[in-house]
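Listed in order, the protein sequences are those of chains A and E. Its first residue numbered 1, the first sequence is counted upward by one per residue in this note's numbering. Its first residue numbered 114, the second sequence is counted upward by one per residue in this note's numbering.
Misleading hints may appear alongside valid ones.
One-sided and incomplete, this derived list gives chain A residues near chain E with beta-carbon spacing under 10 Å [said to hold, decoys possible]:
{"id": "1", "residue": "Tyr64"}
{"id": "2", "residue": "Ala92"}
{"id": "3", "residue": "Phe104"}
These aren't lab readings, by the way, just hints derived from the structure by calculation. Here a beta-carbon is modelled for each residue, glycine too, at the ideal position from N, C-alpha and C.
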Amino acid sequence: DMKVTQMPRYLIKRMGENVLLECGQDMSHETMYWYRQDPGLGLQLIYISYDVDSNSEGDIPKGYRVSRKKREHFSLILDSAKTNQTSVYFCASSEGQGSYEQYFGPGTRLTVL
Amino acid sequence: QQQVRQSPQSLTVWEGETAILNCSYEDSTFNYFPWYQQFPGEGPALLISIRSVSDKKEDGRFTIFFNKREKKLSLHITDSQPGDSATYFCAASYSNYQLIWGSGTKLIIKP
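Take these sequences, add in the hints, and give me the full structure.
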């Protein structure tokens with residue numbers, strides 16, 4: 001069963017608090033991604049992970065960091081969250097980059113007050 | 114710099130009509146073009162894709178038309194159904210490069 005899970009689905013935090021978003025996949029995919037989605041902007045890549053402890057910045061990494069200690073698990077951390085980080089965050093996984101299909105999780109809606 | 118552009122931002126068509134969603138790109142090295150479909154409250158899911166060696170790809174009611182010379186492609190949805198109402202993303206890539214995403218077209222099918 002090919003599945004990407006995200007926890008939590010909804011989260012409300014105050015400005016300055018730390019945020020941890022978690023993602024899991026059961027397909028043994030090497031590559032995992034974190035995106036944020038804002039109205040009218042489509043999907044913006046935050047970080048990409050090629051495997052355990054092999055992570056690269058995407059297009060908008062500022063204010064975020066990631067951790068991947070197991071192939072099936074990829075975390076997004078916001079240290080001292082800001083109100084402009086209010087967004088919907090999606091995790092995805094794929095066998096590789098380029099023409100490999102990306103499988104997305106259901107998203108986490110984060111509100112920073 | 115937006116390398117993949119989609120138009121229109123939103124589109125409303127009547128049930129049974131053909132919806133046409135447009136996409137253009139700038140980098141001529143792109144050779145893989147997937148379209149993803151996203152329903153409200155869900156993540157995107159791959160709908161159909163095409164490689165630059167082809168000029169057309171069909172899957173049921175969904176067809177991609179690709180014009181390499183003009184660096185344009187379009188997604189045609191024939192006999193549109195209310196269940197097709199969703200946001201559609203065009204993306205592009207080459208080799209092992211990351212996918213570059215368009216900003217999406219929100220499609221509404223009126224019954």
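Which numbered hints are broken by the structure, listed smallest first? 1
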